[in-house]
Amino acid sequence: MIKIDNIVHKYTVWDDENTKNEKVVLDGISLDIPSSTFMAILGPNGSGKSTLAKHLNVLLLPDEGTVWIDGINTADVDKLWDIRSQVGMVFQNPDNQIIGTSVEEDVAFGPENKNMESSKIRTLVESCLKRVGLWQKRKESPTRLSGGQKQRLGTADALAGVPKCIVMDEPTAMLDPEARKEVIRLIHDLNKNEGITIVLITHHTDEVADADQIVLMKEGHIIGKGTPMEIFSNKELLRAAKMDIPPRVELGDKLREAGIPVPESILTEEKMKSEILRLYNETKGKGEATC
Amino acid sequence: MIRDITIGQYYDVPSVIHRLDPRVKLMGVLIYIVALFLIRNPVLYIVPLVVTIVLYAAAKVPASYFFKGLRGIILLLLFTFVFRMLYTPGDVIASFWIFNITSQGVVKAIQMTARIALMITGAALISYTSTPKALADGLEKAFSCFQRIGIPVHDMAIIVMIAFRFIPIMFEELNLLMDAQAARGAKFSEGNILQKCKGVITLLLPLFMMSVNRSSDLAMAMEARGYSGSHEVSRMYPLRYRTADYVSYVLLALYLAAFIFIRVFL
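Protein chains in written order, with the numbering used here: chain A, 1 to 291; chain B, 292 to 557.
These are calculated hints, taken from the structure and not from any lab test.
No experiment lies behind these values; they were computed from the predicted model shown.
Wrong hints could be hidden among the right ones.
Partial pick of chain A residues on the chain B-facing surface, computed with a CB cut under 10 Å [to be verified]:
| # | residue |
| --- | --- |
| 1 | 92 |
| 2 | 108 |
| 3 | 118 |
| 4 | 154 |
Backbone N, C-alpha and C fix where the C-beta goes; we use that ideal spot for every residue, glycine too.
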């Protein structure tokens, strides 16, 4: 789906003496994102992950190297709109990406720009809003939505482009825990049920436990790549990227230290709960037997 | 004061007026205002007043909304009335201290006040009965002929839409800024005019910065969703005239003609 080949991106910055400097934000990034995967890009602030995201939607072009979206080079100016319709984008601040003065108008903005027929726009808007669960609120003003609902609207906006891939640039950074779960659940559903490739950019380690692949970034480099289990079992790597170890993984470690044999592969709350229950019942059974 | 601004307060009920094409409503407001300025005999203001009340009723907009628009300009109305009454030369009917009230002054005062009040209440109806998007679309379509001579009508319509969208957000941010500065000891309601102005500057600057930052984010979001500003776009609800719209145009033409007739021949 997406192939990133050794890209370099530089920003021009002005320092205190008013001299021009170049800051390298992405320094030789190569990455393959296969179709229908859920890829999480994890890294601290300033690691270049948002800059990377903007390359996937041709909002930025690399200074060196190439980005291929479905076999199209993003530097190909004639194919710009083709690429943009393949890759949808959801941004961090929900207020800054909503253009319409009502929910349905906002979703219609993308298809309208594509000069789509009115009746087709209406069916598309309906299906997008139903998928994110905002159909009931279609006539409402976006200012009246909660943070989670705004971000779901942002996702509907991206869906209205009928994309094969959605890039989410820290979509949960401004949300409360409940709304965060709501948004993460939605993108997992889209990934599983519709096969849409998801690139989730975040610095919350607890949001990525269910991802297929995790990429760890630091200072413009990829410092680690692998399944959640591989990444989370490598504590050195997480510490190097200044990332928290997710509470569930830490709990597993503590339990093992205390001599309770929970397997290392457990990363989700549900599995951890059932494993602990299983172990508890086992020991209880043994205890009764010895009595 | 800020809360009295009626722009963009769409009142969502199904009514004949709501269903009218926004272009008809824009033309209606224009003719309504022109007609107001054609009136010379103050008694005739009854006509637009009755028309306005009938339209509010037809639009199912509650009476409280009728006065809501006036609340913001009550001071302006008072000033207009008092100054017109006191400073118009003519036949003195009453006088006290250095002021003379003239019969012409009273007539002029009523005329001006009625004109402004009717203009505001009449024009407010359009924002109660059309969504900002419909208005922007209406403006765009009505002026689309100017696109050919290089006036960026489409861009202007987008600007209007974005303004409607972000005005409430800017007020939210303004409140946030005021709270943040008040928490650090800023006093916005104390001091003389000069000090108050200084207080406003410390608010405007960060508000301006926030808006600039937002605009770059917004530009990116718009671009990501295929907005280029140059190519042909479609509409989810395209504007199409229906019978009611043509009937309204005829009524509007008659309304204007009647006022021109009265002005010229009576």
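Comparing the hints with the structure gives:
Look at residue 92 of chain A: its Cβ gets to within about 8 Å of chain B, closer than 10 Å, so that hint holds up. For residue 108 of chain A, the interface hint holds, the least distance from its beta-carbon to any beta-carbon of chain B being 4 Å, beneath 10 Å. Hint on residue 118 of chain A holds. Least Cβ distance to chain B is approximately 5 Å, under the 10 Å limit. Checking residue 154 of chain A against chain B: minimum C-beta separation of about 8 Å stays under 10 Å; hint holds.
Of the numbered hints listed earlier, not one is contradicted by the structure.
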